[in-house]
Amino acid sequence: MRLNRIILSFVSALVILFSTSVASFAKVVGDKIILGAAISLTGKYSSNGVHTQNGYNMAVDRINSMGGIKVGGKTYKFDIIYYDDESNPKRAAQLAERLISQDGVEFMLGPYSSGLTKAIAPVTEKYGVPMVEANGASRSLFTKGYKYLFAVLAPANLYLDVAIETAVELNGGKPVRIAQAFEQDAFSQDVRLGILDAAERTGSKIIIDDKLPKELNDMAATLVKVKQMKPDVLVVSGHTKGALTAIRQIAEMKVDVPMLAMTHCDAAKLSKQHGKNSQYALCASQWHKSLTYKDDFFKDGMTYAADFEKEFGYDPPYQSAESSAALLVFKDAFERANSFDQKKVRDALAATNMQTFYGNIKFAPGGQNVDKPMVLFQVMCDASGSCENKVVAPLKWASAKLIHPIPKWSER
Amino acid sequence: MDFLVFQYPMITLQACLDGILLGVLFALIAYGMALQWGVMNIINIAQGDLVILGGYIAYFMYLYGIHPAWGVIVAPVIMYFVGIAIYKLVINKVVDRDLFISILATFGISILFMQLMNFAFGADVVLANSGYGTTMLFDNNVVLPNSKIFSAFISIVFAVCLVIYMKKSKLGRAIRATAQNARAAKILGVDTEKVYAATFGINAALCGVAGALISITFTIHPYMGLPYTIRSFMIVIVAGLGNLPGVAMSGMGLGVFEEFADYILGTEFRIGSVFLLLVLILVYRRFKLSRKREYLK
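Those protein sequences? They're chains A and S, same order as listed.
Count along the first sequence starting at 1, add 104, and that's the number in the numbering used here.
Count along the second sequence starting at 1, add 146, and that's the number in the numbering used here.
Next comes chain A alone, as it looks inside the complex (with noise of 0.2 angstroms):
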């Protein structure tokens, strides 16, 4: 009995404890702007979560460390409050709840995944807190009208049609013909819809167009086909799974093809776990650190690179890049709105218009970041087997020619 009442006190206490610590929290106290994030720490994403996280937290230690957020005169600084959505949709949208309407939170950054950035997408709108997401590249993110969502990305239908208009071009302009395979999933089948798109403008035939299941890690079948109808280029979508799936099967096969392009293989470390054997093969990537953007806060993607290697012990993949380009989006808007009213701050991000180390960042009425073209790299090994991703387009910032077509297996 005396138990259950020291039980029972110890509890209440616990419970007075917590709704006083969450009154304090709010959207700015003292010199703090309170940002809410739910990233997934746990769960299937919880490699992409952290990433995703680091390159926040690089962003907030950055900008506090050089002088702040200028807001009326006063100088303020960022601080986070993160929740792990332990990669569940359901679990995020109840975060965001928790974050706007019991922690108090007036800005939100997104999650990691476009699957994630949807479930929550509704929460935010429906309260009007401005969201400046990084990692959702759903092209139907940017179609459903959401006045308070921007993303610093490409949109994912922009991942790999460059892929197609360049083996057009090396094809004498004239149409080619591609096989690709996706991964049922939002992400895989924009990605595919952007293929579409660009075959259609090329004038070029999709002879195999299949789709892989989420459980996917053979796709010999899809392989076995590409031997027998010899496409141009090979199109590959499936998150790291499905890069490393593809990379594995397609040299075991030995299946030759002119052009193979890809997703996520900045994600899946093709080369450090593949080797010599993914060798050619063209990635889709948002950012690469020998870009030549500029900002005040990181310098280029060279320093960025160096100083996220030398507080993380990595080597930055996209996904921290464009995590951190998010709080430089949000302190300029901040600044130019001058004002922490919501309204204002939304107004002021829809304005956007500047250059991070990132890459430009100007957002179409959709949300979607208009001002900056992906790029793509190919993977090249040298004689000792060392691979390195080399920027091949576009050539603005291309440090190696691309090589085309890949060699036959036999030929290597």
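Hints in this document: simulated from the structure, not taken from any laboratory.
We put the beta carbon where it would ideally sit given N, CA and C, even for glycine.
Treat the hints loosely; a few may be bogus.
[Stated by the list, open to error] The following label-pair restraints were derived from C-beta to C-beta distances: (1) A/L499 <-> S/G254: 48 to 58 angstroms; (2) S/G211 <-> A/D419: 55 to 65 angstroms; (3) S/L209 <-> A/D419: 12 to 22 angstroms; (4) A/P477 <-> S/G386: 55 to 65 angstroms; (5) A/S169 <-> S/F265: 28 to 38 angstroms; (6) A/M170 <-> S/L250: 33 to 43 angstroms; (7) S/F253 <-> A/F416: 35 to 45 angstroms; (8) S/F265 <-> A/F416: 14 to 24 angstroms; (9) S/L209 <-> A/N168: 34 to 44 angstroms.
[Said to hold, decoys possible] Partial chain A-side listing against chain S, Cβ under 7 angstroms, derived: (10) S150; (11) I167; (12) M357; (13) K466.
Place chain S on chain A using the hints.
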């Protein structure tokens, strides 16, 4: 396009060979499930997760510079003890309840394993490179990665060894006796508790072998276990319990069926067609899950 299989006869051959090599691997996992199901009447939902755990063992060996093929020796040894531990900690507390409770328990173990693997190894998709080459047949029209041939070969070796073990060894006989009639076996002096633990251990060891082979042939990821559970469930249902040739045949049959479904219906229907087949077979066989349960503590 959809009927490529019929236009190019070589594709038909390729699909059959791919399917058979894949099916042998499935059959190995399914055999473990059938054993456990037959002896203890437990349907192990965590089967696929044990497979993935075995795969991680081979992957870590690969990371530390040991050829992952050694994983087929190391993984089953480690997994045997993992299996025994699971039995002692969870299964023997629920095994005498009804089937539903044991399914729930293994479902719980499955979720726990997924999360633990995700926590310990990260959410990245990984694979182990065996460096085995490729076998080309018929003027390079049929391609068989040697890693697939290797995994089929190893699966057969393990299956054969297990059959001999079950026939000849004392424990093997005790397991079979317990499967036939636990009460009678106990009266005649068989330590059924020990038999149950060993059965669970052997099943986990088989999963370990299969996992090591999968890390060499395909990819592994903490959340990739379920399709393996479903496939082995399906194979066991088709073959029936305690029917090893049946498990091997239905394993290969499923492999070939999957490959053809992939070519004819499209890759997106591959797993779906397995489910559809499962439903059809369940209806056809009017399989009774409420078979009389027998368990002795």
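Hint-by-hint comparison with the structure:
1. A/L499 <-> S/G254: 48 to 58 angstroms: holds (56 angstroms)
2. S/G211 <-> A/D419: 55 to 65 angstroms: About 23 angstroms separates the Cβ atoms of S/G211 and A/D419, which means 55 to 65 angstroms is violated.
3. S/L209 <-> A/D419: 12 to 22 angstroms: holds (19 angstroms)
4. A/P477 <-> S/G386: 55 to 65 angstroms: holds (59 angstroms)
5. A/S169 <-> S/F265: 28 to 38 angstroms: holds (33 angstroms)
6. A/M170 <-> S/L250: 33 to 43 angstroms: For S/L250 against A/M170, whose Cβ atoms are near 55 angstroms apart, the range 33 to 43 angstroms is violated.
7. S/F253 <-> A/F416: 35 to 45 angstroms: holds (37 angstroms)
8. S/F265 <-> A/F416: 14 to 24 angstroms: holds (19 angstroms)
9. S/L209 <-> A/N168: 34 to 44 angstroms: This hint holds: roughly 38 angstroms between Cβ atoms.
10. S150: At 5 angstroms from the nearest chain S Cβ, A/S150 passes the 7 angstroms test, so the hint holds.
11. I167: violated (29 angstroms)
12. M357: Check passed: Cβ of A/M357 comes within 4 angstroms of chain S, closer than 7 angstroms.
13. K466: Violated - the Cβ of A/K466 stays beyond 7 angstroms from chain S, reaching only about 33 angstroms at its closest.
Hint check: violations occur at hints 2, 6, 11 and 13; the rest are consistent with the structure.
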